[in-house]
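*Asks:* Given next are the chains, with one letter for each unit.
There are 2 protein chains.
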Amino acid sequence: MKFYIKKERLIKSVQDALKAVAVRTTIPILVGIKFDADDRGVTVTGSDSDITIQSFIPKEEDGEELVEIVEPGSIVLQARFFSEVIKKLPELIVEITVEDQFKTIVRSGNAEYIILGLDAEEYPRLPIIEDGDHFSIPNDLLKSIIKQTVFAVSTSETRPILTGVHWMIEDSQLTAVATDSHRLAMKQATLQSEERNGKSHSIVIPGKSLNELLKVLDESNEPIQMTITNNQILFRAKNLLFFSRLLEGKYPDTSKLIPTDSKTIVKLNAKEYLEAVDRASLLAREGKTNVIKFTTMDDDMIEISSYSPEIGKVVENVKSISTEGEEIKISFNAKYMIDALRAIDGTEISIYFTGTMRPFIIRTDYDDSILQLLLPVRTF
Amino acid sequence: MKFYIKKERLIKSVQDALKAVAVRTTIPILVGIKFDADDRGVTVTGSDSDITIQSFIPKEEDGEELVEIVEPGSIVLQARFFSEVIKKLPELIVEITVEDQFKTIVRSGNAEYIILGLDAEEYPRLPIIEDGDHFSIPNDLLKSIIKQTVFAVSTSETRPILTGVHWMIEDSQLTAVATDSHRLAMKQATLQSEERNGKSHSIVIPGKSLNELLKVLDESNEPIQMTITNNQILFRAKNLLFFSRLLEGKYPDTSKLIPTDSKTIVKLNAKEYLEAVDRASLLAREGKTNVIKFTTMDDDMIEISSYSPEIGKVVENVKSISTEGEEIKISFNAKYMIDALRAIDGTEISIYFTGTMRPFIIRTDYDDSILQLLLPVRTF
Chain A
1 MKFYIKKERL IKSVQDALKA VAVRTTIPIL VGIKFDADDR GVTVTGSDSD ITIQSFIPKE
61 EDGEELVEIV EPGSIVLQAR FFSEVIKKLP ELIVEITVED QFKTIVRSGN AEYIILGLDA
121 EEYPRLPIIE DGDHFSIPND LLKSIIKQTV FAVSTSETRP ILTGVHWMIE DSQLTAVATD
181 SHRLAMKQAT LQSEERNGKS HSIVIPGKSL NELLKVLDES NEPIQMTITN NQILFRAKNL
241 LFFSRLLEGK YPDTSKLIPT DSKTIVKLNA KEYLEAVDRA SLLAREGKTN VIKFTTMDDD
301 MIEISSYSPE IGKVVENVKS ISTEGEEIKI SFNAKYMIDA LRAIDGTEIS IYFTGTMRPF
361 IIRTDYDDSI LQLLLPVRTF
Chain C
1 MKFYIKKERL IKSVQDALKA VAVRTTIPIL VGIKFDADDR GVTVTGSDSD ITIQSFIPKE
61 EDGEELVEIV EPGSIVLQAR FFSEVIKKLP ELIVEITVED QFKTIVRSGN AEYIILGLDA
121 EEYPRLPIIE DGDHFSIPND LLKSIIKQTV FAVSTSETRP ILTGVHWMIE DSQLTAVATD
181 SHRLAMKQAT LQSEERNGKS HSIVIPGKSL NELLKVLDES NEPIQMTITN NQILFRAKNL
241 LFFSRLLEGK YPDTSKLIPT DSKTIVKLNA KEYLEAVDRA SLLAREGKTN VIKFTTMDDD
301 MIEISSYSPE IGKVVENVKS ISTEGEEIKI SFNAKYMIDA LRAIDGTEIS IYFTGTMRPF
361 IIRTDYDDSI LQLLLPVRTF
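Taken in order, these protein sequences are the chains called A and C. Per my numbering, the first sequence starts with residue 1, numbered consecutively. Per my numbering, the second sequence starts with residue 1, numbered consecutively.
The set of hints was computed from the structure by calculation and includes no laboratory data. It is possible that some hints are incorrect.
One copy or any two copies: either way a pair holds, since identical chains are not told apart in the list.
[Claimed, not checked] Here are the simulated lysine-lysine pairs, BS3-like style, with alpha carbons at most 30 Å apart:
#1 143 x 215
#2 6 x 59
#3 6 x 319
#4 147 x 208
So that you can see chain A by itself, here it is in the shape it has in the complex (with noise of 0.2 Å):
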């Protein structure tokens, strides 16, 4: 094998790849990036079984030459090491030039490593994907379905299928809800279908892949497509392809968690309200609780709080947009609620309580696909 290639080209499809090596494997290849040169280009992959990134460098793009292939071939090198070592390298072109043994060159300038590879063979195949059902999704609206229900799964292993957030597609219209079982994002989209099969998919797509996914879709508009079978899902954007594994196993009916009826509405000013959370939550999370209490008074005010007895008190009225119905007082973990209104992401919100020892929602009037709900906590 021996190809030129652009030195920022490299560079960028292998931190992509870069994504999916797990620092700890218990299959040694996986701590290599594969490299196929063929006559199309050079393709970099990158694994840890779970998530599977692969990062496409044509010979040509948009007129310039990308790469020259000299000899096609294969090999795995040391991921980290050598994502490090092209990012120091002196010129515009890299030169990689695999020898007898598996041992490889890599020049640039006056630059010369001498790195030993591993047999591209040993590298495990790809999942095959192929009569999966079609998705079309814009790439702007693929990450925000991510970013407003992912963070939201729960970290512990105690019940894997909750690590994970539930993709239900019918007709097109896609649910994603993510849960740990203390609170629940949920957002609602509507996908290209590209094979109107009136099949239905209830998949759980774990949280750890999504995360990796964001941070490999780029900022352009071109949608994204996507391909479902029984146990993997692949995105497919520009020159990349993203492998996930599915979770296996049933994830739980969280419709009838979300309350129907309210007894209270509170609508407030986004901004102003996250910011007394946060003012809030910095002395819950240093009294160890992280619980903070909304208390609704005279004249639409909410009072903010939270107490420590090692620590003191906070305190901070806020102006209400409009309040409705009963009186409330409520405790709940100051984080998931940050969490859940950086996911909203509107200048005003609505907040519907049903008691305090129910859970409650929050919405914003401009949005009406994304609902967080939050399980209150018990302390009055």
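Based on these hints, arrange chain C on the given structure of chain A.
*Replies:* Chain C alone, transformed into the frame defined by chain A:
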């Protein structure tokens, strides 16, 4: 105690004082920061008993009112928590009131924190610095002296005296030396002595203190006043006092370590050479030895290389500006070389060798106040 204060100034002073506050301490009150409000302004003090930092906020500066003292007094507040609290406050002005039992009310806009404070009477007294010798030094020069030496102190407590930088002052001439016994950094400078009593000083300032001092020195060009006593040094900048304990014990005589003759002199472009060493160091680090080789070749070329049986090899040829004297083939620690080159910070450097087994020195023609010495590693 009660005062109103500009939030930004309070944040800055607390951040400075916080740099002296240890995360863990055997003296419980030192997790706090002390505030003293008197008719001149507010003094903010943090200490870990080795380092004490005191930042002063005057009532007025450049015609702008910074503090309004309603009632003088003192209080100690938990340092890290308080510094988080004030950063999040909503308004530009903060009101701080101490009530009974050291209960402290921090108010800004609608937000109110009640923080349980500690008795300022329990806080240790500042070191007494009265009869020391005084010197003055430009801010920039003080920073250079620190940056060009402190990285070479020992990080091991085997010989505690080597964890400090040795300052020798004679007739206002300062020589600063740091060594961890594998390398040595030396910087010379001229101080302004305010009291020319002809006394010479030989003190050892903890490396940690100098690193913290670097962080609190601002960009201004006002000279720094220094006062040296038996066991303390005080740096005095505008509105800032920085006290450090001195290390006890006798610093080794390092003057005999520095070779005075040389058999090979190699002059190099500093940037080109640093980049080549940096590239070789990648492999040296990955191979765990951290050793790279330096070999003079024909035509004034220098070969920089590193080899690891598990990882591979790196070779790079750098053209020297000139190579005089005997051929040389020498190995050294890559990180130490990089540290030394970064400290010198010139466009051209010269390396003076006296043999494969002998220490060698690095200097620049542009600035003879700085010298870096490295011991070779025996690999040949």
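*Asks:* A separate judgement is required for each hint: does it hold in the structure or not?
*Replies:* Taking the hints in turn, this is what the structure says about them:
When the C-alpha separation of residue 143 and residue 215 is checked against a cutoff of 30 Å, the pair qualifies only within one copy, where the shortest distance is 10 Å, while the shortest distance between copies is 39 Å. For a Cα distance limit of 30 Å, the shortest separation of residue 6 from residue 59 inside one copy, 10 Å, qualifies, whereas the shortest one across copies, 59 Å, does not. Proximity of residue 6 and residue 319 under a CA criterion of 30 Å is satisfied inter-copy only: 25 Å between copies versus 57 Å inside one chain copy. When the C-alpha separation of residue 147 and residue 208 is checked against a cutoff of 30 Å, the pair qualifies only within one copy, where the shortest distance is 12 Å, while the shortest distance between copies is 41 Å.
In summary, this structure violates none of the numbered hints.
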